[in-house]
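**Student:** One letter stands for each residue in the lines below.
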Amino acid sequence: MKRFFEVAVVIIIALASYFAGSFYKWLFSLMAIYALITISWNFMKTIGRLSMGHALLFGLPAYVSAIAYQYSFELSLYLYPLTVVLSGILFFIFSKITGRTAFVFLTLIASITLWVLAPKIVVEKDGTLIGGEVGFDFFNASSDHIFFLSLISLVVIYVLASWILSSRFGYFMRAVGDDETASKAVGINVDRVKFTAIVCSSIFSGIAGLLYALDFGHVSYEVFSVEISIFPFVASLLSGGSPFLSVISSFFLVFLKRSLNSIYPGLMDVFYALVLVFSPKIGGLVYVKGKKLIEKL
Amino acid sequence: MAISFLYNFFILSVMALTISLNFRLSKFLNLSLAGFFAAGSYIAYFYPNPIIALLLGALFGFGLSLIVIKLCKTIVEATISSLGFGLLIERTLYFIHRSSYYYILKYDMSWLSIPATLVVFTAIVLLYLSKIGLKLKFVESDIELAEIYGVDTTIVRCMTIVLTSATVTFFGFVYASLLAITPTVGFGYLISGIIVSAFAAQLRFNGIHHYVSVVALSFVLTRIFGVIL
Amino acid sequence: MLKVRNLSKSFRGFVVLRNINFEIERGEVVGIYGPNGSGKSTLLKCIAGLEKPDCGKIILEDRNITGLKTWEVVEAGVVYAFQIPKPFKSLSFLENVAIPLMRFYGKDEALKLARDILSKFDLADLADRRAEKLSQGETKLLEILRAYATHPHVMLLDEPFASLDMENALRLKEKLKIMKEESQSMIITTHRRKIISDLAVRFYKLEGGVLGAEG
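For the protein sequence lines, the chains are P, Y and G, in the order given.
Per numbering that gives the first Met the number 0, residue 0 is the first one in the first sequence, and the count goes up by one each step.
Per numbering that gives the first Met the number 0, residue 0 is the first one in the second sequence, and the count goes up by one each step.
Per numbering that gives the first Met the number 0, residue 0 is the first one in the third sequence, and the count goes up by one each step.
Check each hint, because a few of them may be wrong.
Stated by the list, open to error - Here are the simulated lysine-lysine pairs, DSSO-like style, with alpha carbons at most 27 Å apart:
| id | chain 1 | residue 1 | chain 2 | residue 2 |
| --- | --- | --- | --- | --- |
| 1 | P | K1 | G | K111 |
| 2 | P | K44 | Y | K26 |
| 3 | G | K88 | P | K95 |
| 4 | P | K280 | G | K204 |
| 5 | P | K95 | Y | K69 |
| 6 | G | K51 | G | K204 |
| 7 | Y | K72 | G | K204 |
| 8 | G | K111 | P | K95 |
| 9 | G | K68 | P | K95 |
| 10 | G | K88 | P | K1 |
| 11 | G | K2 | P | K280 |
| 12 | G | K179 | P | K44 |
| 13 | P | K280 | Y | K26 |
| 14 | Y | K72 | G | K88 |
| 15 | P | K44 | Y | K72 |
| 16 | G | K106 | P | K1 |
| 17 | P | K280 | Y | K72 |
| 18 | P | K44 | G | K106 |
| 19 | P | K44 | G | K51 |
| 20 | G | K2 | G | K179 |
Since the hints were derived computationally from the structure, they do not count as laboratory data.
Quick caveat, the model's predicted, so the values are computed rather than measured.
The following block holds chain P by itself, in its conformation from the complex (with noise of 0.2 Å):
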């Protein structure tokens, strides 16, 4: 009944959106495609690993993609799903070698790094050097379609997220973010648990990365931002950590952040790094003040 309720709130706001004009279409897919961001981070989060390098498994594929969209579809095609699975084994990778504090900072390194490579990738197309800083072109929907498409998928992944994360998995998934040691005395394969949690975390974020570059017909280095790194971290910090607020806070802040940079370009990220600066007091005072109210409601 509750995620029937949640499901109902986030069809209504598309449909708002969708009959509200042509911006505000364009603007519900581009919340839905951050949504599916967070979705895919509190994921891994469950796992006890907060990554503060989504945007390498948002755009790593999407980027990848492109690139091979320069020879051929049909490279492209094949490319994306592997690029979304090697880069969840990459992160399983990292959460074998590395504790949790350890991850977060190998995670920001890993997607600042691509950040500041990505700019040098050029390929030779038809005797030409295509990539660099302006990044590559890529196959371009229809806004009526990108919108339909980042509904269906947010709703789906929700839905399918929160189902695993009710589910027994999704017990073992909090017995191995709580205490890894403690899972495997009961028995729980936490190796299997990571993996599978990783990978499904890659999955959603790389969703999210190629309706990106459908949208928007074009990726550059861009896509592995700081930016999309913080994004999620900073929605469930507003959030509180409940799920589904997770996700209205990610459409918030995309609204907020057209708003501001419409005011001035470049203001939003004075609003994150402000988020950043003052998160351990941030964190605190919406878990405790948001508990609260949702007691009394």
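Starting from the known structure of chain P, arrange chains Y and G on it as the hints suggest.
**Tutor:** Positioned in the frame of chain P, the structure of chains Y and G alone reads:
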């Protein structure tokens, strides 16, 4: 102007040393150093006075130390706050940087990196060989135990952040003539420094030996890779 | 049922366990006592798969479980309870006890079985309390019940009475007696033999990594 091997080695080693010092003494990964480096480069363009770079860097460091010490309880919280602080500085520079072109300096102050690097190396060695060095080793091993045994860890953490911030801002100032100045100019050096620092940490040396290994690894990595990330 | 043969373990050249040999039969409670640093925890961790022995064998019902991963040892039927409890803090007492059952049953069935276990041990009032809000004694009970939940072949209890006051220690002992009456095999380590003298049928003394004669 292409950066020579020696200049690359200097900046990489100083960046890695400041990252190591922050991690071992202030107990967090200082991600705002990229922003400080960029700020130093901007100061070189608008107010070419190295003293201003040092003072502004120290001020940034003091602001960051207040946030880290007062607000943050864990290493992850402090690291994320420092990332936000660095982004704030980067955004401020972005607002100053109104055009889409890079800033290029007309004069060269990169020669200052040679004495500056020697000062940094010497200062660290002398500090660790002095009486203060023992206190620093306590803090490196166990900050809570050091506090119990009378070391003012708040001062240690604060001074580490202030001095490393001032150093990195100064090096941003000095290297400005060798770079195309943009708000994100410091990120490549930050990442390279973190990689060197992480490798050095695996060797599990303590005290001054760790910092010597950082410098040695910086030399090796600059030699192998030639250019910094 | 469980046999340990010639087990040895050292850490960085320091020998912690030397040639350990002992057995436990079905339904038996065996006590291993010894001073701090004698290797009691290490012995149990080697059996549980949390540490890898340098040499030796651990045989459970004719199956060699030496060197298996921890979850595989648990699947075989040997479960370890930590000396310092490790509850899943974001879950309730009930959910903590249900987690091991979820390996065999669906979520709802596992929660029902866990509730039955809590009722059997008069702990139903703690069911919905989050693990992070439990007292030390209650956390210890949680740790033991979580190990007991799937009725393993052998429970390895690492100093279950450590850091407990008299009241909580007696409370825990009552629960262990109930388990003993159900023929639950247990290996219990402790500093002092006296604490488990009415629980264990056999005793071994572990000192300096050497397992002494039965007491």
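**Student:** Evaluate each hint against the coordinates.
**Tutor:** Tested hints:
In summary, the hint linking K1 (chain P) to K111 (chain G) is supported, as the alpha carbons are separated by about 23 Å, within the 27 Å threshold. For the hint linking K44 (chain P) to K26 (chain Y), the alpha-carbon distance of about 23 Å falls within 27 Å, and the restraint holds. In summary, the hint linking K88 (chain G) to K95 (chain P) is supported, as the alpha carbons are separated by about 22 Å, within the 27 Å threshold. Under the criterion of a C-alpha separation no larger than 27 Å, the hint pairing K280 (chain P) with K204 (chain G) is inconsistent with the structure, at around 52 Å.
Restraint check for K95 (chain P) and K69 (chain Y): not satisfied, since their Cα atoms lie roughly 33 Å apart, outside the 27 Å limit. Using a Cα cut-off of 27 Å, the hinted pair K51 (chain G) and K204 (chain G) holds, with the two alpha carbons roughly 22 Å apart. For a cut-off of 27 Å, the pair hint linking K72 (chain Y) to K204 (chain G) is broken: about 44 Å separates their Cα positions. A threshold of 27 Å between alpha carbons decides the hint, and for K111 (chain G) with K95 (chain P) the separation of about 34 Å lies outside it, so the pair is violated.
Between K68 (chain G) and K95 (chain P), the direct Cα distance comes to roughly 15 Å. Compliance with the 27 Å bound is thereby established for this hinted pair. A threshold of 27 Å between alpha carbons decides the hint, and for K88 (chain G) with K1 (chain P) the separation of about 25 Å falls inside it, so the pair holds. Distance hint between K2 (chain G) and K280 (chain P) is unfulfilled; the C-alpha atoms sit about 54 Å from each other, more than 27 Å. A hinted pair counts as satisfied when its Cα atoms are at most 27 Å apart, and K179 (chain G) with K44 (chain P) does not qualify at roughly 40 Å.
Between K280 (chain P) and K26 (chain Y) the CA atoms are separated by roughly 19 Å; this keeps the pair inside 27 Å, and the hint holds. Of the supplied pair hints, the one linking K72 (chain Y) and K88 (chain G) holds, its CA atoms being roughly 20 Å apart against a limit of 27 Å. Distance hint between K44 (chain P) and K72 (chain Y) is fulfilled; the C-alpha atoms sit about 20 Å from each other, no more than 27 Å. Restraint check for K106 (chain G) and K1 (chain P): satisfied, since their Cα atoms lie roughly 19 Å apart, inside the 27 Å limit.
Distance check on the hinted pair: K280 (chain P) and K72 (chain Y) sit about 10 Å apart at the alpha-carbon level, within 27 Å; holds. Proposed proximity of K44 (chain P) and K106 (chain G) is supported: the alpha carbons are some 22 Å apart, at most 27 Å. In summary, the hint linking K44 (chain P) to K51 (chain G) is not supported, as the alpha carbons are separated by about 30 Å, beyond the 27 Å threshold. Proposed proximity of K2 (chain G) and K179 (chain G) is supported: the alpha carbons are some 20 Å apart, at most 27 Å.
Taken one by one, the earlier hints fail for this structure at numbers 4, 5, 7, 8, 11, 12 and 19, listed in ascending order.
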